[in-house]
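Now for the letters of each chain:
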Amino acid sequence: GENVEQHPSTLSVQEGDSAVIKCTYSDSASNYFPWYKQELGKGPQLIIDIRSNVGEKKDQRIAVTLNKTAKHFSLHITETQPEDSAVYFCAASPTGTASKLTFGTGTRLQVTL
Amino acid sequence: NAGVMQNPRHLVRRRGQEARLRCSPMKGHSHVYWYRQLPEEGLKFMVYLQKENIIDESGMPKERFSAEFPKEGPSILRIQQVVRGDSAAYFCASSPYVQGAKNIQYFGAGTRLSVL
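The listed protein sequences derive, respectively, from chains A and B.
Counting from 1, one number per residue, gives the positions in the first sequence under our numbering.
Counting from 1, one number per residue, gives the positions in the second sequence under our numbering.
To be clear, the hints were calculated from the coordinates, so they are not data collected in a lab.
There may be inaccurate statements among the hints.
From the structure, some residues in chain B lie toward chain A, with a derived Cβ separation under 10 Å [claimed, not checked]:
#1 Q37
#2 M46
#3 Y48
#4 A89
Here the structure is a predicted model, which means the values were calculated and not measured.
Beta carbons: idealized from backbone N, C-alpha and C, even for Gly.
Model the full structure from these sequences, guided by the hints.
Structure, rendered in structure tokens:
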């Protein structure tokens with residue numbers, strides 16, 4: 001089955017700096033890669049996603065890149081703000097339609113003033 | 001348009017009791033997924049259901065756990081004879097089915113189960 005690894009497990013950046021979180025996956029059949037943000041006591045919230053026919057996608061301060069050959073994908077947050085502090089999860093799905101997500105172990109991002 | 005609704009938000013059970021967790025998907029969504037999250041860990045897939053059908057239960061423990069998504073009403077995750085190791089946050093997600101579309105899953109706020 002699919003295995004998703006995520007690094008780092010914790011990340012501390014100063015406000016205004018950039019943050020990068022990296023994930024690797026094992027199943028070459030995976031073609032959908034969402035990123036979720038989870039705040040304390042809440043459910044995961046989808047912040048951006050990418051499909052395998054796209055190399056990069058951007059939404060304001062958030063971008064995701066995908067290297068299908070190397071089975072890597074990354075989340076980039078620019079101009080970080082204190083409200084970006086949360087746990088971020090990457091995930092992979094093996095098919096384009098309804099299917100289970102395999103999650104990484106999470107990255108706790110702390111944005112300090 | 002209400003999001004995915006889970007109840008209760010918190011559930012306390014003693015060892016040996018039954019726990020019932022409910023999930024109402026977003027309006028128009030026909031797919032429901034259950035995930036379990038242990039403290040400081042990621043989400044682990046448990047089961048995927050459509051109305052009246054279990055599609056994938058590869059993540060469900062073989063004993064004591066069951067799930068259903070009836071024609072009418074919410075999806076139910078049922079844990080019989082709970083043990084302390086069942087203490088976790090249980091999240092439900094729903095997605096619409098659109099042929100060829102990407103699998104966007106929307107999550108509820110979760111049910112935090114504590115077994116005493």
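Structure-based check of each hint:
no.	hint	in the structure
1	Q37	holds (9 Å)
2	M46	holds (9 Å)
3	Y48	holds (6 Å)
4	A89	holds (9 Å)
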